[in-house]
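The listed protein sequences correspond, in order, to chains F and W. When we follow our numbering, the leftmost residue of the first sequence carries the number 1, and every step to the right adds one. When we follow our numbering, the leftmost residue of the second sequence carries the number 1, and every step to the right adds one.
Be careful, since some hints might not be right.
[Unchecked claim] Computed list of lysine-lysine pairs in BS3-like fashion (alpha-carbon distance at most 27 angstroms, straight line):
id, chain 1, residue 1, chain 2, residue 2
1, W, 13, W, 57
2, W, 129, W, 169
3, F, 96, F, 13
4, W, 209, W, 57
5, W, 13, F, 96
6, W, 169, F, 253
7, F, 197, F, 96
8, W, 222, F, 96
9, F, 197, W, 169
10, F, 13, W, 57
11, W, 13, F, 105
12, W, 209, W, 222
13, F, 105, W, 169
14, F, 105, F, 253
[What the hints assert, rightly or not] Some chain F residues near chain W, calculated using beta-carbon distances under 10 angstroms:
id, residue
15, 2
16, 9
17, 18
18, 94
19, 100
20, 103
21, 130
22, 134
23, 136
24, 138
25, 139
[As the list claims (entries may be wrong)] Quick list of the computed label-pair ranges, beta carbon to beta carbon:
id, chain 1, residue 1, chain 2, residue 2, range
26, W, 9, F, 30, 26 to 32 angstroms
27, W, 192, F, 238, 55 to 61 angstroms
28, W, 181, F, 28, 19 to 25 angstroms
Simulated from the structure, these hints should not be mistaken for laboratory data. Just so it is clear, the structure is predicted and the values come from calculations on it, not from any experiment. Where is the CB? At the ideal position from N, CA and C, for every residue including glycine.
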Amino acid sequence: MNAYMICFWAILKREVLRFFQQRSRLLSALVRPLLWLIVFAAGFRSALGVSIMPPYESYILYQEYIVPGLCAMIILFNSMQTSLSMVYDREMGSMKILFMSPIPKSFLLLCKLIAAACLSLLQVVIFLLLANIVDVEIPWWGFIYAIPSVFLSAFFLGALGLILSNFIKQLENFAGVMNFVIFPMFFLSSALYPLWKIQESSLWLYWICQYNPFTYCVEMIRFALYGQFNIQASSVVLGCVLVCGFVAVGTFKPKK
Amino acid sequence: MSITITDVTYRFKAKPVLSDINLSLQPGFNVLLGPNGAGKSTLLSLLTGQRTIQQGKITFADDDIRHDTRSIMAQLGVVFQQTTLDLDLTVLQNLTYFGALHGLSAATVLNRITPVLTQLALIDRLQDKVRSLNEGHRRRVEIARCMIHLPQYLLLDEATVGLDVDSRKLIIEHIRALATAQHLTVLWTTHLMDEVLEDDPLFILNQGKLIEHGVCHTLLAKHQQSSVFDLYRTLTQPQGLL
């Protein structure tokens with residue numbers, strides 16, 4: 001194995017080890033979307049009917065509608081927690097060790113992003129398996145189709161998190177990220193309600209959702225889960241991956 | 001394999017932290033002495049590429065830190081003032097992770113560190129989480145870690161501060177032996193006078209300026225002082241406090 005592969009596997013292994021050692025993180029990563037699915041969706045099931053719309057071929061239950069949005073929520077939270085772990089590494093000094101490597105910084109950051117994306121993928125797969133238990137029927141081949149979409153979304157949101165970590169000086173600032181990044185991104189998207197419903201109630205809100213790249217992550221995953229390819233959503237997410245990837249790697253500050 | 005620092009000035013928000021530093025470190029054990037806030041850690045962060053040089057030049061043999069960073073990093077072992085180990089990983093996981101960042105397989109790492117860890121009395125703690133180790137043991141792990149990639153240069157920033165006498169003695173003797181046996185260029189920064197021997201090349205930094213340098217016993221004779229402590233006090237404290 002060459003030096004770059006050894007380095008990649010080591011970074012991936014470290015992130016996975018750390019993830020499984022932080023049991024509360026693992027638990028909350030699964031409990032959070034399940035609460036939304038079981039409690040929130042059940043409550044709103046009668047109030048929010050969803051008519052036939054692509055990629056669905058018949059009327060669906062609200063629970064089924066929000067599953068792709070919840071997958072994207074898992075990715076969003078994991079990506080932002082990765083940015084938090086960057087801040088932690090910077091505060092604890094581990095970041096110094098990472099950048100004492102003779103391997104290029106851009107490659108090291110790329111490895112970090114891929115590792116975070118793999119963790120997101122793992123959490124989404126576990127969530128989808130649990131969702132099947134509570135009667136949300138996702139076709140088994142949807143899991144396979146969704147892998148690239150989940151990975152691409154995770155890479156984009158991870159890169160966004162990396163950019164944000166430049167502006168977070170202390171771990172305590174994570175509450176700010178929750179209020180100003182995670183919640184607006186999640187609620188101002190098609191994760192919980194279809195865009196046409198939002199358009200009916202507020203046009204300006206609809207336009208905000210249209211310009212929110214998270215909406216396209218949700219839609220890309222939604223179509224992929226039913227074996228379809230949404231070219232518009234995929235193009236937007238791919239564009240975001242490239243822009244945020246370059247900005248994240250180019251502007252990352254290992255030291256505050 | 002020398003380290004040369006030429007006309008280095010570093011400012012933080014317009015305030016000079018280092019001013020016109022010129023020094024050359026030769027293979028062997030070099031001591032950088034200075035009070036807290038003298039600029040020792042800033043100088044170390046410039047030497048390790050953690051901060052970008054604003055003015056002046058730093059070279060490792062013929063490699064310039066600004067242009068040949070990767071080749072320098074491959075030859076540089078560092079122990080930072082703040083512990084940089086991952087507390088949730090085991091000693092072995094920390095060491096193999098570091099080795100991998102230098103492109104070394106776990107087997108190579110284990111091969112190289114076994115004698116070092118035996119020497120540092122850590123071989124039985126390989127599978128222990130770093131969180132369960134005391135400060136002295138954590139430092140020993142960091143010392144072992146900085147040697148994994150067989151560096152030519154070692155930079156240690158106050159590596160023994162806060163440790164008990166036995167741990168300090170073990171670590172400093174280990175580094176001195178390494179410097180001699182492997183012809184390493186070692187920069188040992190400290191503010192603990194008892195770590196300096198009479199034959200050590202000594203560099204004294206105060207308020208961002210290199211105020212004196214030379215072999216310790218020569219400096220003692222030059223300033224007519226009987227101990228490193230007196231020499232240090234004479235050079236670094238304002239006259240009114242003496």
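Against the structure, the hints:
For the hint pairing residue 13 of chain W with residue 57 of chain W, the CA-to-CA distance comes to about 20 angstroms; that is within 27 angstroms, so the pair holds. As the CA atoms of residue 129 of chain W and residue 169 of chain W are separated by approximately 24 angstroms, the hinted pair is consistent with the 27 angstroms bound. Only pairs whose Cα atoms come within 27 angstroms are accepted, and residue 96 of chain F paired with residue 13 of chain F is accepted, the gap being roughly 19 angstroms. For the hint pairing residue 209 of chain W with residue 57 of chain W, the CA-to-CA distance comes to about 16 angstroms; that is within 27 angstroms, so the pair holds.
Taking the CA atoms of residue 13 of chain W and residue 96 of chain F, the gap is about 22 angstroms. The hint holds against a cut of 27 angstroms. Note on residue 169 of chain W and residue 253 of chain F: the hinted pairing is violated, with a Cα-Cα distance of about 37 angstroms set against a maximum of 27 angstroms. For a cut-off of 27 angstroms, the pair hint linking residue 197 of chain F to residue 96 of chain F is broken: about 49 angstroms separates their Cα positions. Under the criterion of a C-alpha separation no larger than 27 angstroms, the hint pairing residue 222 of chain W with residue 96 of chain F is inconsistent with the structure, at around 39 angstroms.
In summary, the hint linking residue 197 of chain F to residue 169 of chain W is not supported, as the alpha carbons are separated by about 72 angstroms, beyond the 27 angstroms threshold. Taking the CA atoms of residue 13 of chain F and residue 57 of chain W, the gap is about 38 angstroms. The hint is violated against a cut of 27 angstroms. Between residue 13 of chain W and residue 105 of chain F the alpha-carbon distance is near 26 angstroms, which keeps this suggested pair within the 27 angstroms criterion. A threshold of 27 angstroms between alpha carbons decides the hint, and for residue 209 of chain W with residue 222 of chain W the separation of about 19 angstroms falls inside it, so the pair holds.
Distance restraint check for residue 105 of chain F and residue 169 of chain W: the Cα-Cα separation of roughly 36 angstroms exceeds the 27 angstroms cut-off, and the hinted pair is therefore not satisfied. Using a Cα cut-off of 27 angstroms, the hinted pair residue 105 of chain F and residue 253 of chain F holds, with the two alpha carbons roughly 11 angstroms apart. Because the smallest distance between the Cβ of residue 2 of chain F and any Cβ of chain W comes to about 7 angstroms, under 10 angstroms, the interface hint for this residue holds. Satisfaction of the interface hint for residue 9 of chain F is found here, the shortest Cβ-Cβ separation to chain W being roughly 7 angstroms, below the 10 angstroms cut-off.
Taking 10 angstroms as the C-beta contact cut-off toward chain W, the hint placing residue 18 of chain F at the interface holds, the least distance being around 6 angstroms. Nearest Cβ of chain W to the Cβ of residue 94 of chain F: about 6 angstroms, under the 10 angstroms cut. The hint holds. Taken as an interface hint, residue 100 of chain F checks out: its beta carbon lies about 6 angstroms from the nearest beta carbon of chain W, inside 10 angstroms. With a least beta-carbon distance of about 7 angstroms to chain W, the hint placing residue 103 of chain F at the interface is held under the 10 angstroms criterion.
Against a cut-off of 10 angstroms between C-beta atoms, the interface hint on residue 130 of chain F is violated, since the closest Cβ of chain W lies about 26 angstroms away. Proximity of residue 134 of chain F to chain W is violated relative to the hint, the smallest CB-CB distance being about 33 angstroms (cut-off 10 angstroms). Restraint check, residue 136 of chain F versus chain W: the minimum CB separation of about 34 angstroms is more than 10 angstroms; hint violated. Checking residue 138 of chain F against chain W by beta carbon gives a least distance of about 34 angstroms; that is not within 10 angstroms, so the hint is violated.
Interface restraint check: residue 139 of chain F against chain W, minimum CB-CB distance 38 angstroms, threshold 10 angstroms, status violated. Between residue 9 of chain W and residue 30 of chain F the Cβ separation comes to about 53 angstroms, which falls outside the hinted range of 26 to 32 angstroms. The hinted window of 55 to 61 angstroms between residue 192 of chain W and residue 238 of chain F holds, with their beta carbons roughly 56 angstroms apart. For residue 181 of chain W paired with residue 28 of chain F, a C-beta distance near 51 angstroms fails the hint of 19 to 25 angstroms.
Hint compliance for this structure: hints 6, 7, 8, 9, 10, 13, 21, 22, 23, 24, 25, 26 and 28 are not met, and every other hint is.
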